[in-house]
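FYI, in UniProt numbering the residues of the sequence shown are 1 to 157.
Keep in mind that the hints were calculated from the coordinates and are not lab data.
Please note: incorrect hints may appear among the correct ones.
[As the list claims (entries may be wrong)] Derived lysine-lysine pairs resembling DSSO-like cross-links, with alpha carbons at most 30 Å apart:
id: 1; residue 1: K51; residue 2: K68
id: 2; residue 1: K123; residue 2: K21
id: 3; residue 1: K90; residue 2: K20
[Unchecked claim] For each label pair, taking beta carbons as the anchor points, the in silico distance ranges come out as:
id: 4; residue 1: Q83; residue 2: P144; range: 39 to 49 Å
id: 5; residue 1: K90; residue 2: G41; range: 22 to 32 Å
id: 6; residue 1: E121; residue 2: F28; range: 13 to 23 Å
id: 7; residue 1: E71; residue 2: Q24; range: 17 to 27 Å
id: 8; residue 1: E48; residue 2: R106; range: 15 to 25 Å
id: 9; residue 1: T105; residue 2: D35; range: 21 to 31 Å
A virtual CB, placed ideally from N, CA and C, is assigned to each residue, including glycine.
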Amino acid sequence: MSRFGQDDPTTFRKENFKSKKTGQQTHFAVKVLSDFIVERGMEIDILEATKDEIANLLQDFYANIRNKSQEYYKKNTLLAIRQSINRYLKENDRFFDIITDPEFTRANDNFTSLLRKTREEGKGTVTHHEAISLEDLRMLYEHPLVFNTSTPQGLPK
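Take the sequences, apply the hints, and build the full model.
In structure tokens, the structure reads:
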């Protein structure tokens, strides 16, 4: 009996372990870029385009990206969109990096300017929820079911 398994190596491919949320984020980012391409009347397939064509596309995209309300996205959303587009390209055998490769310097300069602009518009900060009050926290700990370490349902997850 061999100590080594007989698993199919393709079951260990990276995309098989991508979280659902990562997949949703990638889909969202690619849809935003696709909508931009369609709205501009461009005929470009980013999976077939040259690096130079993609760099020019992203330079224009970063300069003009807005949400459906015509407002700037928040900083973290913009960072996630760029990273998701990068991930999408790599998952589809486009082995270059739109964030670090020198061919994308001008596009990334536009992206940096966009982040600066969003900060000026007040979209650069994270909005946190108000902290739970001590009174409400005390009420949770004193409740017979919530945070009750004597029952499985009361244990925090």
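Hints, verified against the model:
1. Restraint check: the Cα-Cα separation between K51 and K68 comes to about 28 Å, which is no more than 30 Å; the hinted pair holds.
2. Taken as a hint, the K123 and K21 pair is honoured in the structure, with Cα atoms around 23 Å apart against an allowance of 30 Å.
3. For a cut-off of 30 Å, the pair hint linking K90 to K20 stands: about 18 Å separates their Cα positions.
4. Between Q83 and P144 the C-beta distance comes to about 45 Å, which sits within the given range of 39 to 49 Å.
5. Between K90 and G41 the CB atoms are about 28 Å apart, so this pair conforms to the stated range of 22 to 32 Å.
6. Restraint check, E121 to F28: a C-beta distance of roughly 21 Å satisfies the suggested window 13 to 23 Å.
7. The hinted window of 17 to 27 Å between E71 and Q24 holds, with their beta carbons roughly 22 Å apart.
8. Between E48 and R106 the beta carbons are some 21 Å apart, a value that agrees with the proposed interval 15 to 25 Å.
9. Judged by the Cβ atoms, the range 21 to 31 Å given for T105 and D35 holds: they are separated by roughly 25 Å.
In the structure shown, no violation is registered for any of the earlier numbered hints.
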